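Engineer: For chain X, the structure is supplied; the task is to place chain U on it using the hints.
If you're matching them up, the sequences are chains X and U in order.
Residues 1 to 106 (our numbering) make up the first sequence, in order.
Residues 1 to 406 (our numbering) make up the second sequence, in order.
Since the hints were made in silico from the structure, they are not lab data.
The structure presented is a predicted model; accordingly, all values stated were derived computationally and were not measured.
Beta carbons: idealized from backbone N, C-alpha and C, even for Gly.
Don't take every hint at face value.
Sample of chain X residues at the chain U side, in silico, Cβ under 10 Å [what the hints assert, rightly or not]:
# : residue
1 : Asp-37
2 : Gly-42
3 : Cys-46
4 : Trp-57
5 : Ala-58
6 : Thr-70
7 : Phe-74
Straight-line alpha carbon distances no greater than 16 Å define the calculated EDC-like cross-link-like pairs of lysine to aspartate or glutamate that follow [stated by the list, open to error]:
#  : chain 1 : residue 1 : chain 2 : residue 2
8  : U       : Lys-146   : U       : Asp-177
9  : U       : Lys-402   : U       : Asp-390
10 : U       : Lys-165   : U       : Glu-121
11 : X       : Lys-30    : U       : Glu-114
12 : U       : Lys-402   : X       : Asp-92
13 : U       : Lys-215   : U       : Glu-123
14 : U       : Lys-135   : U       : Glu-123
15 : U       : Lys-146   : U       : Glu-213
16 : X       : Lys-60    : X       : Asp-92
17 : X       : Lys-30    : U       : Glu-61
18 : U       : Lys-202   : U       : Asp-169
19 : U       : Lys-313   : X       : Glu-103
20 : U       : Lys-311   : U       : Glu-24
21 : U       : Lys-217   : U       : Asp-232
22 : U       : Lys-402   : X       : Glu-13
23 : U       : Lys-202   : U       : Asp-177
24 : U       : Lys-89    : U       : Asp-270
25 : X       : Lys-30    : U       : Asp-261
26 : X       : Lys-30    : U       : Glu-213
27 : U       : Lys-313   : U       : Asp-261
28 : U       : Lys-49    : U       : Asp-169
29 : U       : Lys-402   : X       : Glu-69
30 : U       : Lys-385   : X       : Glu-76
31 : X       : Lys-60    : X       : Asp-95
32 : U       : Lys-89    : U       : Asp-261
33 : U       : Lys-165   : U       : Glu-143
34 : X       : Lys-60    : X       : Glu-76
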Amino acid sequence: MAKVTYIENNGTEHTIDVPNGTTLMEAAVKQGIPGIDGDCGGACACATCMVYVPEEWAAKLPEVETMEETMLDFCERREDNSRLSCQLVASDALDGIKVQMPESQH
Amino acid sequence: MADDILIIGAGQAAAQAVQSLRAEGFEGPIRLFGDEPYAPYQRPPLSKKFLSGEIGYDRVELKGEDFYAQANVETHWGTRVTEIDRRNKRILTGDGREYAYGKLIIATGSRVRELNVPGFELEGVHYLRNIDDVKSIQAHFREGAKMVVVGGGYIGLEVAAVAAKRGLDVTVLETADRVMARVVDPIVSHFYERVHREEGVKIETGVTVAGFEGKDKITAVSSGEGKSYPCDFVVVGIGIIPNTELAAEAGLKVENGIVVDELCRTSDPDICAAGDCTSHPNAVYGHRLRLESVHNAIEQGKTAAATLAGKEKPYDQVPWFWSDQYDLKLQIVGLSQGYTQAVVRGDPASGRSFAVFYLKDGVLVAVDAVNRAPEFMMSKILTQKKAVLDPARIADESINMKEIAG
Numbered sequence: 001m002a003k004v005t006y007i008e009n010n011g012t013e014h015t016i017d018v019p020n021g022t023t024l025m026e027a028a029v030k031q032g033i034p035g036i037d038g039d040c041g042g043a044c045a046c047a048t049c050m051v052y053v054p055e056e057w058a059a060k061l062p063e064v065e066t067m068e069e070t071m072l073d074f075c076e077r078r079e080d081n082s083r084l085s086c087q088l089v090a091s092d093a094l095d096g097i098k099v100q101m102p103e104s105q106h
Numbered sequence: 001m002a003d004d005i006l007i008i009g010a011g012q013a014a015a016q017a018v019q020s021l022r023a024e025g026f027e028g029p030i031r032l033f034g035d036e037p038y039a040p041y042q043r044p045p046l047s048k049k050f051l052s053g054e055i056g057y058d059r060v061e062l063k064g065e066d067f068y069a070q071a072n073v074e075t076h077w078g079t080r081v082t083e084i085d086r087r088n089k090r091i092l093t094g095d096g097r098e099y100a101y102g103k104l105i106i107a108t109g110s111r112v113r114e115l116n117v118p119g120f121e122l123e124g125v126h127y128l129r130n131i132d133d134v135k136s137i138q139a140h141f142r143e144g145a146k147m148v149v150v151g152g153g154y155i156g157l158e159v160a161a162v163a164a165k166r167g168l169d170v171t172v173l174e175t176a177d178r179v180m181a182r183v184v185d186p187i188v189s190h191f192y193e194r195v196h197r198e199e200g201v202k203i204e205t206g207v208t209v210a211g212f213e214g215k216d217k218i219t220a221v222s223s224g225e226g227k228s229y230p231c232d233f234v235v236v237g238i239g240i241i242p243n244t245e246l247a248a249e250a251g252l253k254v255e256n257g258i259v260v261d262e263l264c265r266t267s268d269p270d271i272c273a274a275g276d277c278t279s280h281p282n283a284v285y286g287h288r289l290r291l292e293s294v295h296n297a298i299e300q301g302k303t304a305a306a307t308l309a310g311k312e313k314p315y316d317q318v319p320w321f322w323s324d325q326y327d328l329k330l331q332i333v334g335l336s337q338g339y340t341q342a343v344v345r346g347d348p349a350s351g352r353s354f355a356v357f358y359l360k361d362g363v364l365v366a367v368d369a370v371n372r373a374p375e376f377m378m379s380k381i382l383t384q385k386k387a388v389l390d391p392a393r394i395a396d397e398s399i400n401m402k403e404i405a406g
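In isolation and in its complexed conformation, chain X is listed as follows (with noise of 0.2 Å):
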């Protein structure tokens, strides 16, 4: 399990427990956690789950693929630390986490 702080754009912070094997997009959905919509689900396919990893974290995360980068590539807030957080599933290593997210996903 890994606990994960979620970063409004406004500074309101969020920390909820991640379970291993869930991806960050997707516990921040069913928490309702503002500033992350994930359309597609977790299917890389829309680029609504943006996320903003600070560079202690980002080591610790799996590599970007090809999908990933390519979405990213076109994301209007896109910074070089950033990441779709369908992609980043949770694990032990990332107890502590704090991501932020962009002003829109839009």
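Structural biologist: Below, chain U without anything else, positioned relative to chain X:
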């Protein structure tokens, strides 16, 4: 007077509306009514990964178990709303109860269009719209079982793809002269027909279904052209019908969907509607649209919630859709109806990656992208902007999508 907000329907739009009502600061009572025994869940996986068994109920359920309790929402699963009484501002339910409302959201979604041919009542004739439908279909899934799919649209083809992978003997019957005829150019139809055939699915176009044969259980589908297609079961996917009856009976304006404005308000200012059951004025296309998509349900859910919380967040979006079949990720931006030119990027005749750009008098109105994420993502922006594009540049793959946009 009650300030309660009641939501009729418990699908994607309803779940979003609940979340957004709280996020927009509405603190009053919320009651949610759904006629299925389940909390809101995602429908798209039902014909994809949920049907294949790759994911279970816990992964299609939209919200966590405690979400509704934490949001202080009273839930009524398995409860059908039978009447909206606008004069007394209350709704009546099938179990004989009544609930007063201050404001109402209608998110009743849609239901399958049924095929009323002789034998329609036979065992083994299935539709796919909800979780229980999938369970009945899965019960037939065993290697070598003969399945006939009636309707070569998204649902039918997705089911065919899942079944073919599981080793079933699959035949798709389509009335039109090509699959997905209602939504894509022939180029895309023919591509999908080729891939399905490569995967072992038989596709028969120009076939009218005349009836289902069998004593108690279906044994064959008979066509108007005099052919018989033996089968162990059938899945019918011939479209959906918006659930607008409650609204119409309550005197709300209904015209191919419950008529709403850009703030999701119906003809009664105390009632909003969202999702598949609505018809909204679309600013990008300049006319009314009724859409059957998750994106539409989510965004209208947000807009309706904002409106009832006293804010204005107009719904103004280019629709988008997706379909997964085999290793093909089809992503669709916009609606191609009325296009004057289809421009192909890539080679649909070989391989499994290309895109078709639909232009109407030079303006980009829609794109079908098969395993082409850059084309899809860029087109979302270009369609919203009503960009005028040069067909020759679109077709030239040496020019990347960002340059085409520039």
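Engineer: Compare the structure with each hint and give your call.
Structural biologist: Cross-check of the supplied hints:
The interface hint given for X/Asp-37 is met, as the beta carbon of that residue sits about 6 Å from the closest beta carbon of chain U, less than 10 Å. Proximity of X/Gly-42 to chain U holds as hinted, the smallest CB-CB distance being about 8 Å (cut-off 10 Å). Taken as an interface hint, X/Cys-46 checks out: its beta carbon lies about 7 Å from the nearest beta carbon of chain U, inside 10 Å. About 24 Å separates the beta-carbon of X/Trp-57 from the nearest beta-carbon of chain U, more than 10 Å, and the hint is not met.
Because the smallest distance between the Cβ of X/Ala-58 and any Cβ of chain U comes to about 22 Å, over 10 Å, the interface hint for this residue is violated. With its C-beta approaching chain U no nearer than about 4 Å, X/Thr-70 sits inside the 10 Å limit, and its interface hint holds. Contact between X/Phe-74 and chain U, as hinted, is supported at the beta carbon level, the nearest pair being about 3 Å apart and thus within 10 Å. A threshold of 16 Å between alpha carbons decides the hint, and for U/Lys-146 with U/Asp-177 the separation of about 23 Å lies outside it, so the pair is violated.
Of the supplied pair hints, the one linking U/Lys-402 and U/Asp-390 holds, its CA atoms being roughly 14 Å apart against a limit of 16 Å. A distance of roughly 28 Å separates the Cα atoms of U/Lys-165 and U/Glu-121; the hinted pair therefore is violated under the 16 Å criterion. Between X/Lys-30 and U/Glu-114 the CA atoms are separated by roughly 33 Å; this puts the pair beyond 16 Å, and the hint is violated. Between U/Lys-402 and X/Asp-92, the direct Cα distance comes to roughly 39 Å. Violation of the 16 Å bound is thereby established for this hinted pair.
A threshold of 16 Å between alpha carbons decides the hint, and for U/Lys-215 with U/Glu-123 the separation of about 9 Å falls inside it, so the pair holds. Proposed proximity of U/Lys-135 and U/Glu-123 is supported: the alpha carbons are some 14 Å apart, at most 16 Å. The suggested pairing of U/Lys-146 with U/Glu-213 holds, with an alpha-carbon distance near 14 Å, which does not exceed 16 Å. Using a Cα cut-off of 16 Å, the hinted pair X/Lys-60 and X/Asp-92 holds, with the two alpha carbons roughly 11 Å apart.
Proximity of X/Lys-30 to U/Glu-61 is assessed by CA-CA distance (about 8 Å); at most 16 Å being required, the pair is judged to hold. In summary, the hint linking U/Lys-202 to U/Asp-169 is supported, as the alpha carbons are separated by about 8 Å, within the 16 Å threshold. Among the hinted pairs, U/Lys-313 with X/Glu-103 is consistent with the structure: their alpha-carbon atoms are about 15 Å apart, no more than 16 Å. For the proposed pair U/Lys-311 and U/Glu-24, the alpha carbon gap of about 8 Å is at most 16 Å, so the pair holds.
A hinted pair counts as satisfied when its Cα atoms are at most 16 Å apart, and U/Lys-217 with U/Asp-232 qualifies at roughly 8 Å. A threshold of 16 Å between alpha carbons decides the hint, and for U/Lys-402 with X/Glu-13 the separation of about 35 Å lies outside it, so the pair is violated. For a cut-off of 16 Å, the pair hint linking U/Lys-202 to U/Asp-177 stands: about 14 Å separates their Cα positions. Of the pairs offered as hints, the one joining U/Lys-89 and U/Asp-270 holds, with about 9 Å between alpha carbons and a cut-off of 16 Å not exceeded.
With a CA separation close to 29 Å, the supplied pair X/Lys-30 and U/Asp-261 exceeds the 16 Å bound. Taking the CA atoms of X/Lys-30 and U/Glu-213, the gap is about 45 Å. The hint is violated against a cut of 16 Å. With a C-alpha separation of about 12 Å, the suggested pair U/Lys-313 and U/Asp-261 falls inside the 16 Å cut-off, and the hint holds. At most 16 Å may separate the alpha-carbon atoms for a hinted pair to count; U/Lys-49 and U/Asp-169 exceed this at roughly 19 Å.
The hinted pair formed by U/Lys-402 and X/Glu-69 meets the criterion: a straight-line CA distance of about 15 Å does not exceed 16 Å. At most 16 Å may separate the alpha-carbon atoms for a hinted pair to count; U/Lys-385 and X/Glu-76 meet this at roughly 14 Å. As the CA atoms of X/Lys-60 and X/Asp-95 are separated by approximately 11 Å, the hinted pair is consistent with the 16 Å bound. A hinted pair counts as satisfied when its Cα atoms are at most 16 Å apart, and U/Lys-89 with U/Asp-261 does not qualify at roughly 21 Å.
Proposed proximity of U/Lys-165 and U/Glu-143 is supported: the alpha carbons are some 10 Å apart, at most 16 Å. For the hint linking X/Lys-60 to X/Glu-76, the alpha-carbon distance of about 25 Å lies beyond 16 Å, and the restraint is violated.
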